[in-house]
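All chains, please: the whole structure from these sequences, using the hints.
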Amino acid sequence: MTTTADIHEPTFLAGDEFSIPTFRLLKQDGTLHEGAKAPDLEQDKALAIYHAMVATRVLDERMLAAQRQGRLSFYMQCTGEEAAVVGATAALDDADMIMAQYREQGALVYRGFTFDEFMNQLFGNELDYGKGRQMPIHYGSRKLHYMTISSPLGTQIPQATGYAYGQKLAGDGKCTTVFFGEGAASEGDFHAALNMAAVHEVPVIFFCRNNGYAISTPSIEQFAADGVAPRAFGYRMHVIRVDGNDILAVYSATQEARRIAVENNKPVLIEAMSYRLAAHSSSDDPSGYRSKKEEEAWREKDPILRMQRWLNDLGWWNEEEEKALQESLRKEVLETMKRAEKRPPPPLDSMVSDVYADVTPELQRQLDALKAHIRQYPDAYPKGARSLDPDVRAADDTAAKGGE
Amino acid sequence: MPTKNMLQAINNALDIAMGEDDKVLCFGEDVGSFGGVFRATSHLQEKYGRARCFNTPLVEQGIIGFANGLAAQGSVPVAEIQFADYIFPAFDQIVNETAKFRYRSGDLFNVGGLTIRAPYGGGIAGGLYHSQSPEAYFAHTPGLKVVIPRDPYQAKGLLLASIRDPDPVIFFEPKRLYRAAVGEVPEEDYQLPLGEAEVTKEGTDVTLVGWGAQMEVIDRAVELAEKDGISCEVIDLRSLLPWDQDSVAESVFKTGRLVVTHEAPRTGGFAGEIAAVVQERCFLYLESPIARVTGMDTPFPLTLEKEYLADHLKIVEAIRATVNF
Numbered sequence: 020m021t022t023t024a025d026i027h028e029p030t031f032l033a034g035d036e037f038s039i040p041t042f043r044l045l046k047q048d049g050t051l052h053e054g055a056k057a058p059d060l061e062q063d064k065a066l067a068i069y070h071a072m073v074a075t076r077v078l079d080e081r082m083l084a085a086q087r088q089g090r091l092s093f094y095m096q097c098t099g100e101e102a103a104v105v106g107a108t109a110a111l112d113d114a115d116m117i118m119a120q121y122r123e124q125g126a127l128v129y130r131g132f133t134f135d136e137f138m139n140q141l142f143g144n145e146l147d148y149g150k151g152r153q154m155p156i157h158y159g160s161r162k163l164h165y166m167t168i169s170s171p172l173g174t175q176i177p178q179a180t181g182y183a184y185g186q187k188l189a190g191d192g193k194c195t196t197v198f199f200g201e202g203a204a205s206e207g208d209f210h211a212a213l214n215m216a217a218v219h220e221v222p223v224i225f226f227c228r229n230n231g232y233a234i235s236t237p238s239i240e241q242f243a244a245d246g247v248a249p250r251a252f253g254y255r256m257h258v259i260r261v262d263g264n265d266i267l268a269v270y271s272a273t274q275e276a277r278r279i280a281v282e283n284n285k286p287v288l289i290e291a292m293s294y295r296l297a298a299h300s301s302s303d304d305p306s307g308y309r310s311k312k313e314e315e316a317w318r319e320k321d322p323i324l325r326m327q328r329w330l331n332d333l334g335w336w337n338e339e340e341e342k343a344l345q346e347s348l349r350k351e352v353l354e355t356m357k358r359a360e361k362r363p364p365p366p367l368d369s370m371v372s373d374v375y376a377d378v379t380p381e382l383q384r385q386l387d388a389l390k391a392h393i394r395q396y397p398d399a400y401p402k403g404a405r406s407l408d409p410d411v412r413a414a415d416d417t418a419a420k421g422g423e
Numbered sequence: 002m003p004t005k006n007m008l009q010a011i012n013n014a015l016d017i018a019m020g021e022d023d024k025v026l027c028f029g030e031d032v033g034s035f036g037g038v039f040r041a042t043s044h045l046q047e048k049y050g051r052a053r054c055f056n057t058p059l060v061e062q063g064i065i066g067f068a069n070g071l072a073a074q075g076s077v078p079v080a081e082i083q084f085a086d087y088i089f090p091a092f093d094q095i096v097n098e099t100a101k102f103r104y105r106s107g108d109l110f111n112v113g114g115l116t117i118r119a120p121y122g123g124g125i126a127g128g129l130y131h132s133q134s135p136e137a138y139f140a141h142t143p144g145l146k147v148v149i150p151r152d153p154y155q156a157k158g159l160l161l162a163s164i165r166d167p168d169p170v171i172f173f174e175p176k177r178l179y180r181a182a183v184g185e186v187p188e189e190d191y192q193l194p195l196g197e198a199e200v201t202k203e204g205t206d207v208t209l210v211g212w213g214a215q216m217e218v219i220d221r222a223v224e225l226a227e228k229d230g231i232s233c234e235v236i237d238l239r240s241l242l243p244w245d246q247d248s249v250a251e252s253v254f255k256t257g258r259l260v261v262t263h264e265a266p267r268t269g270g271f272a273g274e275i276a277a278v279v280q281e282r283c284f285l286y287l288e289s290p291i292a293r294v295t296g297m298d299t300p301f302p303l304t305l306e307k308e309y310l311a312d313h314l315k316i317v318e319a320i321r322a323t324v325n326f
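If you read the sequences in order, they're chains F and W.
With positions in the first sequence counted from 1, the corresponding number in the numbering used here is that position plus 19.
With positions in the second sequence counted from 1, the corresponding number in the numbering used here is that position plus 1.
No lab work stands behind these hints: they were computed from the structure.
Where is the CB? At the ideal position from N, CA and C, for every residue including glycine.
A hint or two may mislead.
[Said to hold, decoys possible] Under the rule of at most 30 Å between Cα atoms (straight-line distance), these lysine-lysine pairs were calculated in the BS3-like manner:
| hint | chain 1 | residue 1 | chain 2 | residue 2 |
| --- | --- | --- | --- | --- |
| 1 | W | Lys24 | F | Lys162 |
| 2 | F | Lys285 | F | Lys64 |
| 3 | F | Lys162 | F | Lys64 |
| 4 | F | Lys320 | F | Lys350 |
| 5 | F | Lys285 | W | Lys228 |
| 6 | F | Lys64 | F | Lys312 |
| 7 | W | Lys307 | F | Lys285 |
[To be verified] Where chain W lies over chain F, by a calculated footprint (3+ residues, C-beta under 8 Å):
| hint | segment |
| --- | --- |
| 8 | 176-190 |
| 9 | 227-241 |
| 10 | 301-312 |
| 11 | 363-376 |
Structure follows, in structure tokens:
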């Protein structure tokens with residue numbers, strides 16, 4: 020609905036009268052800003068959050084290294100954005116749906132996705148929930164209410180609006196949080212999603228990770244406006260901009276956003292200002308489009324270090340505990356990686372399952388023809404051949420062991 | 002048995018589906034209190050409330066994105082795209098999301114509850130953008146089911162089956178027949194099978210295959226051909242994905258001749274797929290080349306619509322040429 024006063028001169032507005040502040044609680048030295056009040060966060064929960072942030076960092080470091088060693092085809096790091104992702108997740112109910120973009124593994128870590136589960140997906144082995152069908156980092160977990168990742172950018176945003184509409188009708192007091200980058204916010208799906216959520220009064224939190232870059236494109240070439248946040252006004256939606264490297268601010272803002280979403284059935288937009296400290300992916304090299312100096316400046320705003328200092332000041336964490344945690348996480352990553360690498364690929368039949376609820380006659384014909392072909396050339400298709408013929412499988416296993 | 006036109010049959014199917022299951026929702030542009038521009042959703046909002054039957058903003062990619070999310074959540078959305086010509090902003094959501102949801106998650110999540118309804122086809126002076134038959138784009142996408150009814154009875158039974166099917170279905174409705182096609186439709190609930198063709202007329206000399214509004218055109222052509230003494234077997238494919246290869250092949254084994262017809266342009270049209278499969282499976286039984294009677298490889302014209310369309314005269318000529326090859 021449009022409600023407006025009359026004017027009699029052609030006066031244009033450019034939106035400059037709206038200046039969106041940034042919500043901050045924690046300074047980089049681990050102390051609170053003047054007048055800031057820390058959210059009510061018990062020691063156990065604070066440590067769980069911190070643990071998830073560190074585990075995400077360690078996982079990312081080790082798996083990027085594994086990619087560089089050629090053990091893994093592809094990887095994407097969350098590095099620098101752990102507070103935004105884990106802080107938001109910690110403020111939700113564990114049964115709220117999360118629809119992520121692809122850089123939000125911290126949410127899964129926080130909810131208890133094990134390193135084994137991560138590794139099975141990364142290596143696409145027979146235990147991968149996605150049955151080896153998607154590239155690494157496309158995780159999903161039904162039990163942890165984390166929608167399986169899809170590569171097309173922004174498609175999850177209107178889906179979140181729909182999912183949350185269903186939650187509202189179900190009346191179970193749950194909401195959906197959808198993560199996306201400031202680049203994906205340029206997709207048409209973003210605008211469709213926010214408008215529909217506002218019109219249909221849907222309990223959804225749109226969480227934008229404004230990390231400065233969409234691969235190589237800086238945010239200044241993504242939009243002329245002051246970030247993504249002002250768009251909320253156009254949809255008549257609650258909005259807050261938050262320091263994405265400030266775990267307490269992210270947690271507190273998301274907690275309040277969830278209250279608005281669930282109690283009032285109103286969507287909320289959160290724009291978390293952060294920086295993608297790592298490359299876009301293992302296939303990208305940022306040295307071609309941004310300076311080391313710029314990266315260094317952001318490295319000093321490391322969200323993990325900031326939280327660690329706050330915990331240390333409270334006496335909830337110390338250096339020995341830090342060292343022990345880092346060591347045990349590194350060890351666990353290496354052990355789980357080795358286990359996952361050794362596991363066989365998904366069976367050949369899984370190529371045609373789940374296209375439909377049941378395999379169609381035509382798909383069965385195609386699979387039968389493929390099997391006949393692979394039997395003819397088993398050496399050319401070792402992964403498929405091993406699930407056809409026990410002898411081939413045994414030979415394949417022997418060869419694999421010999422290669423180690 | 003009461004008679005209904007196709008819109009009444011569709012409306013009746015939606016009413017039954019919403020009545021039996023609270024999770025069924027109908028939405029799209031103008032779908033709410035107005036009941037849709039063709040009135041397929043008339044009175045559903047009155048009966049089931051605004052939460053379950055409602056207007057959406059004018060954004061097709063949003064409608065299908067929203068529907069995908071709802072279906073993933075466990076609801077049973079029936080989303081309307083006002084004209085099949087306007088489905089393309091939602092192409093990404095349908096092809097990359099709807100179709101791949103179950104596969105990519107290893108069946109952790111699926112959008113099997115989703116049905117997308119869209120009126121398609123020409124013959125209503127709709128020009129380029131109210132006439133298209135985009136079925137072949139979607140029939141090229143594993144994970145989708147594509148269903149097209151030919152009359153009111155089929156529309157009700159196939160739509161109820163589509164809504165209850167465990168896979169996402171695109172249900173194209175022949176809008177030229179919305180009011181023109183009237184037939185007996187039982188009041189009670191019934192379903193017709195997806196993925197199964199129907200032999201609507203038996204014959205021995207030539208097999209005709211089509212779907213949707215084209216079935217009525219085939220019937221007119223067959224009437225003319227039979228006056229010439231040509232015995233025609235007619236098959237309504239009903240589902241394009243997955244499609245019933247066995248029924249078509251079985252018929253061609255008997256007749257040795259095949260004419261396939263659709264409104265959509267020829268190149269890349271679904272008739273090519275049918276022809277390819279039939280020559281693979283029936284090569285030694287074929288007495289003549291498989292004929293395609295289709296729209297032209299042009300955008301859909303307005304003034305020259307009659308000339309463009311694959312009408313009964315073009316089909317009867319193809320029948321004669323095939324039989325007299």
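**Structure versus earlier hints - violations, ascending order** = Hints 5, 6, 7, 9, 10 are the ones this structure does not satisfy, whereas the remaining hints hold.
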